[in-house]
Amino acid sequence: MQEFFDGMADILEIDAAQVAPALVLADYAWDSLAIISTIALVDDLFDQMLDGQALAACTTLADVQALIKPKA
Amino acid sequence: MSASPRHAQLTAVASHLPEAMLTNDALAQEFTDWSAQKILDKTGIAVRHLAAAGETASDLAFHAAEKLFAEHDIDRAGIDFLILCTQAPDHLLPSSACVLQQRLGLSTSCGALDFNLGCSGFVYALAMAQGLIEAGIRRQVLILTADTYSKLINPRDRSVRTLFGDGAAASLVTLGAAEPALGPFVLGTDGSGAGNLIVPAGGMRLARSAATAVEREDASGNWRSDNDLFMDGAEIVQFTLGAVPRTMQELLTTAGKTLADIDHVIFHQANKFMLDALRRKIKIPEEKFVIEIDTVGNTVSSTIPIAIARARQSGRIRRGDLALLLGFGVGYSWAGTLARL
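Top line first, the protein sequences correspond to chains A and B.
No gaps in the numbering here: position 14 of the first sequence is 14 in the working numbering, and each next residue is one more.
No gaps in the numbering here: position 243 of the second sequence is 243 in the working numbering, and each next residue is one more.
Calculated from the structure, these hints are not laboratory results.
The beta-carbon is built from N, C-alpha and C at its ideal position, and this holds for glycine as well.
Honestly, I wouldn't trust all of these hints.
Think about it this way: if two alpha-carbon atoms lie no more than 27 angstroms apart in a straight line, the pair counts; the simulated DSS-like pairs of lysine-lysine are [stated by the list, open to error]:
{"id": "1", "chain 1": "A", "residue 1": "69", "chain 2": "B", "residue 2": "281"}
{"id": "2", "chain 1": "B", "residue 1": "67", "chain 2": "B", "residue 2": "42"}
{"id": "3", "chain 1": "B", "residue 1": "283", "chain 2": "A", "residue 2": "69"}
Here are some, though not all, of the chain A residues that point toward chain B, as calculated from beta-carbon distances under 7 angstroms [said to hold, decoys possible]:
{"id": "4", "residue": "31"}
{"id": "5", "residue": "32"}
{"id": "6", "residue": "34"}
{"id": "7", "residue": "35"}
{"id": "8", "residue": "36"}
{"id": "9", "residue": "39"}
{"id": "10", "residue": "40"}
{"id": "11", "residue": "43"}
{"id": "12", "residue": "44"}
{"id": "13", "residue": "49"}
One side only, chain A facing chain B, incomplete, derived with CB under 8 angstroms [claimed, not checked]:
{"id": "14", "residue": "33"}
{"id": "15", "residue": "37"}
{"id": "16", "residue": "56"}
{"id": "17", "residue": "57"}
Produce the entire structure from the sequences given, and follow the hints as far as they go.
Take a look at the structure:
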């Protein structure tokens with residue numbers, strides 16, 4: 001999960017130390033580009049394709065994590 | 001058995017870009033929450049070229065063809081087929097290819113047609129050219145790719161304005177190789193994605209009207225009407241990350257080759273973000289992966305030939321190198337091939 005947090009820090013343009021599940025996405029650069037970047041990140045790390053609308057509906061980073069299915 | 005050459009090969013490529021330019025500084029002044037540096041980091045694009053008012057895709061194609069003839073000392077009298085790939089024809093009819101036959105001074109025994117595809121279009125044109133030549137129907141096929149997406153983009157839509165640039169390329173495919181120099185081809189289509197990259201109005205299904213000109217703001221703060229280009233970025237990314245690795249694997253398997261046999265991988269130059277994600281996912285070594293987008297932008301069906309022309313010019317691509325070409329996008333439509341350059 002550390003790679004996911006590091007990737008999200010890049011996407012949200014914040015320091016990796018600031019990334020935590022409770023992070024409120026709207027407080028940072030959570031725009032359409034961030035959403036497509038998150039789709040690519042999760043595909044790269046977890047081999048899963050997240051839905052853009054489901055991502056757009058996320059409020060916190062924990063909501064994004066909840067969309068990622070654990071590896072079988 | 002005759003030893004005469006019977007295979008098609010891509011022999012020459014040239015490109016033409018309109019004069020006016022749109023820089024990241026200019027975009028950052030309009031869209032203030034993105035800096036010029038951020039636009040460059042994400043898209044890999046520093047400058048896009050824009051067609052002037054009254055300057056059409058066929059004008060750009062004309063100049064690309066003239067450049068091809070001049071730079072490569074090509075006798076236009078020998079061209080016996082013209083294929084124009086564009087989504088911005090001069091008229092509903094006739095085909096812009098017919099207008100260009102006359103304007104370019106090509107023979108009246110030259111076949112000519114338009115076809116409407118976007119980012120997969122160049123590889124589709126190569127497939128048609130190879131078919132015409134290797135079936136013995138034609139000997140020299142001129143491929144023109146040209147588009148002016150800037151005329152379809154709402155000025156207040158950052159999602160597409162940062163990416164697309166206008167431009168054209170001219171490529172010549174001729175009978176002349178003793179060994180196969182083009183192919184195999186993998187082609188594909190999934191029309192279920194038609195609505196994710198679309199200009200809804202202006203065709204026969206939905207005529208332009210006062211109603212289609214009404215602009216609306218989307219959830220990301222971008223404005224557009226039904227007369228404008230719409231792109232659902234998330235859907236396009238999902239499609240691309242699925243279709244491109246699959247198509248590339250199918251192409252290599254069909255050709256009986258591995259990535260180690262390929263000198264250059266040249267994908268449709270959508271944007272740096274998309275290309276980086278694909279390169280990471282497919283694990284393509286950076287030294288094989290051509291990115292030529294910084295001073296051009298996404299020119300739709302012209303990105304692959306423009307990348308070939310630039311990489312040849314810089315010396316990166318040498319005569320005889322084997323390139324994997326793969327286009328993907330609007331339709332959805334995709335196509336891949338191997339080309340001896």
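We went through each hint and held it up to the structure:
The suggested pairing of residue 69 (chain A) with residue 281 (chain B) holds, with an alpha-carbon distance near 19 angstroms, which does not exceed 27 angstroms. As the CA atoms of residue 67 (chain B) and residue 42 (chain B) are separated by approximately 32 angstroms, the hinted pair breaks the 27 angstroms bound. Under the criterion of a C-alpha separation no larger than 27 angstroms, the hint pairing residue 283 (chain B) with residue 69 (chain A) is consistent with the structure, at around 24 angstroms. Annotation: interface hint on residue 31 (chain A) holds; nearest CB of chain B at approximately 6 angstroms, less than 7 angstroms.
Residue-level restraint check for residue 32 (chain A) holds (minimum Cβ-Cβ distance to chain B is 4 angstroms; threshold 7 angstroms). Interface restraint check for residue 34 (chain A): the shortest CB-CB distance to chain B comes to about 10 angstroms, outside 7 angstroms, so the restraint is violated. Because the closest C-beta pair between residue 35 (chain A) and chain B is about 6 angstroms apart, less than 7 angstroms, the hint holds. Among the interface hints, the one on residue 36 (chain A) holds; its C-beta lies about 5 angstroms from the nearest C-beta in chain B, closer than the 7 angstroms criterion.
For residue 39 (chain A), the interface hint holds, since its Cβ comes within 7 angstroms of a Cβ in chain B; the closest pair sits about 5 angstroms apart. Given hint, residue 40 (chain A) at the interface with chain B, holds; its Cβ is 4 angstroms from that chain's nearest Cβ, closer than 7 angstroms. With 7 angstroms as the threshold, the beta carbon of residue 43 (chain A) comes within range of chain B, its nearest partner Cβ sitting at about 5 angstroms, so the hint holds. The beta carbon of residue 44 (chain A) is positioned within 7 angstroms of a beta carbon in chain B (closest approach about 6 angstroms), and the interface hint is therefore held.
For residue 49 (chain A), the suggested interface contact is upheld, since its CB lies about 5 angstroms from the closest CB of chain B, less than 7 angstroms. This hint holds: residue 33 (chain A) has a C-beta 6 angstroms from the nearest C-beta of chain B, less than the 8 angstroms allowed. Interface restraint check: residue 37 (chain A) against chain B, minimum CB-CB distance 7 angstroms, threshold 8 angstroms, status holds. The beta carbon of residue 56 (chain A) is positioned within 8 angstroms of a beta carbon in chain B (closest approach about 7 angstroms), and the interface hint is therefore held.
Interface hint at residue 57 (chain A): violated, since its Cβ lies 10 angstroms from the closest Cβ of chain B, which is beyond the 8 angstroms cut-off.
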